[in-house]
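Enquirer: Chains as they are written, first to last, in numbering that gives the first Met the number 0: chain A, 0 to 215; chain B, 0 to 215.
Simulated from the structure, these hints should not be mistaken for laboratory data.
For clarity, every value in this text was computed on a predicted model and none was experimentally measured.
Misleading hints may appear alongside valid ones.
Treat identical chains as interchangeable: a pair holds within one or across any two.
Stated by the list, open to error - Heads up, simulated BS3-like pairs for lysine-lysine below, C-alpha to C-alpha not over 25 Å straight-line:
| hint | residue 1 | residue 2 |
| --- | --- | --- |
| 1 | Lys140 | Lys52 |
| 2 | Lys158 | Lys98 |
| 3 | Lys103 | Lys13 |
| 4 | Lys100 | Lys119 |
| 5 | Lys189 | Lys158 |
| 6 | Lys212 | Lys158 |
| 7 | Lys169 | Lys98 |
| 8 | Lys212 | Lys56 |
| 9 | Lys22 | Lys103 |
| 10 | Lys140 | Lys13 |
| 11 | Lys13 | Lys110 |
| 12 | Lys13 | Lys158 |
| 13 | Lys79 | Lys110 |
| 14 | Lys169 | Lys196 |
| 15 | Lys119 | Lys191 |
Protein chains: 2
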Amino acid sequence: MNNLESYIEHTLLKPDASLNDIKVLIDEAVTHKFCGICINPLYVGIAREYLEKNPLKVVTVIGFPLGANLSSVKAFEVQKALEYGADELDMVIDIGAIKDKNYKRAENDIKAVVNAAEGKFVKVILETDLLSRDEIIEACKVSINAGAQFVKTSTGFVKGGVGATVENIKLMYEIVSPHDMQVKASGGVKDKETAIKMIKAGATRIGTSSGVKIVK
Amino acid sequence: MNNLESYIEHTLLKPDASLNDIKVLIDEAVTHKFCGICINPLYVGIAREYLEKNPLKVVTVIGFPLGANLSSVKAFEVQKALEYGADELDMVIDIGAIKDKNYKRAENDIKAVVNAAEGKFVKVILETDLLSRDEIIEACKVSINAGAQFVKTSTGFVKGGVGATVENIKLMYEIVSPHDMQVKASGGVKDKETAIKMIKAGATRIGTSSGVKIVK
């Protein structure tokens with residue numbers, strides 16, 4: 000696979016990331032021609048300035064990593080992220096609503112984000128480590144109905160979680176791809192072999208902090 | 000210690016908590032006469048309704064658990080939480096700003112929350128597992144300067160984190176108590192013995208999901 004770098008969102012979401020850590024991340028992403036960076040909202044404006052005219056995508060996270068925020072707050076967070084120059088929004092689904100089979104609530108929550116995003120890509124993080132197979136299927140359907148552009152496996156913040164698995168990527172791809180939606184694999188993708196497996200299973204984006212190692 | 004229950008904020012912040020889980024939490028808190036419950040923002044309105052006239056404090060979390068949100072978003076989250084009936088706000092400090100020794104940024108972030116809180120108690124979560132002793136001291140000073148009412152140790156979401164320690168509670172108490180501020184111990188307080196140690200070290204609140212076990 001000779002364009003692996005174009006799949007990678009170089010990711011740094013640790014809460015103790017310093018400004019310098021973010022700059023190193025951006026420099027690496029530019030050097031290796033990654034698709035984008037994925038960073039916390041606090042750093043979107045700084046990243047956009049630091050990038051100047053470089054077209055690297057600045058991806059940020061919304062309601063992250065628990066998803067248990069009010070929809071109005073998620074929408075406001077999107078609005079501010081766009082003001083600071085975010086290109087794409089990775090939101091966490093209302094996991095409690097999926098657990099409660101309250102699919103309408105989960106759908107409305109995503110719709111609030113999609114509406115605020117003004118056409119920018121919205122990726123819905125399902126947090127697959129916390130869901131059963133049936134719940135993953137329902138969460139995909141909800142994301143389709145709400146008009147999101149991507150489903151994404153994981154936040155990387157679940158204690159004891161495994162993150163993306165080939166099985167889940169295949170399942171998600173099978174459900175969303177007929178609706179022109181894409182799949183992002185994230186969480187635990189730490190080497191080239193795993194990244195390629197995810198892409199073969201249907202992922203068109205890889206969220207990872209190991210991007211440099213993966214393309215080397 | 001015969002009023003241990005009055006120190007306890009019965010806590011459920013798991014992202015996959017269902018509505019029923021929240022109701023069970025509230026019932027337990029009422030039964031055991033706990034000081035309050037600590038829940039995600041999504042459930043504040045429901046909790047307030049379910050409690051009817053019961054004076055149990057509804058505590059919620061802001062910019063949780065990473066703290067790497069924009070100050071304007073944290074402030075908006077406070078505003079909405081108050082609209083839904085929250086009594087106290089536990090916010091996560093801008094950990095990156097502390098790492099960068101950008102104390103002014105950290106202080107302004109807390110101030111934005113304090114201003115939005117309209118006099119309701121603001122507890123600043125330092126996330127002590129990610130800070131050095133010196134950084135904990137600086138984070139306490141920043142919280143004092145910003146006008147918060149509490150410092151609090153932990154979110155409970157750091158992988159491999161230990162949460163509250165007697166040593167950190169003592170340190171935090173020593174710095175903030177001359178300024179009429181209080182200390183909340185949270186993360187890893189799972190039994191009566193540990194709870195009592197935290198209180199003896201200076202904590203006036205215990206955030207725990209093991210409240211029922213602790214008072215039995």
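Enquirer: For each hint, tell me whether it holds in the structure or not.
Expert: Results for each hint:
no., hint, result
1, Lys140 <-> Lys52, "neither (37 Å within a copy, 39 Å between copies)"
2, Lys158 <-> Lys98, "both (19 Å within a copy, 24 Å between copies)"
3, Lys103 <-> Lys13, "between (32 Å within a copy, 21 Å between copies)"
4, Lys100 <-> Lys119, "neither (28 Å within a copy, 34 Å between copies)"
5, Lys189 <-> Lys158, "both (17 Å within a copy, 18 Å between copies)"
6, Lys212 <-> Lys158, "both (24 Å within a copy, 23 Å between copies)"
7, Lys169 <-> Lys98, "within (22 Å within a copy, 40 Å between copies)"
8, Lys212 <-> Lys56, "within (20 Å within a copy, 49 Å between copies)"
9, Lys22 <-> Lys103, "between (40 Å within a copy, 21 Å between copies)"
10, Lys140 <-> Lys13, "between (30 Å within a copy, 23 Å between copies)"
11, Lys13 <-> Lys110, "between (27 Å within a copy, 23 Å between copies)"
12, Lys13 <-> Lys158, "both (14 Å within a copy, 11 Å between copies)"
13, Lys79 <-> Lys110, "both (17 Å within a copy, 19 Å between copies)"
14, Lys169 <-> Lys196, "within (10 Å within a copy, 50 Å between copies)"
15, Lys119 <-> Lys191, "neither (29 Å within a copy, 50 Å between copies)"
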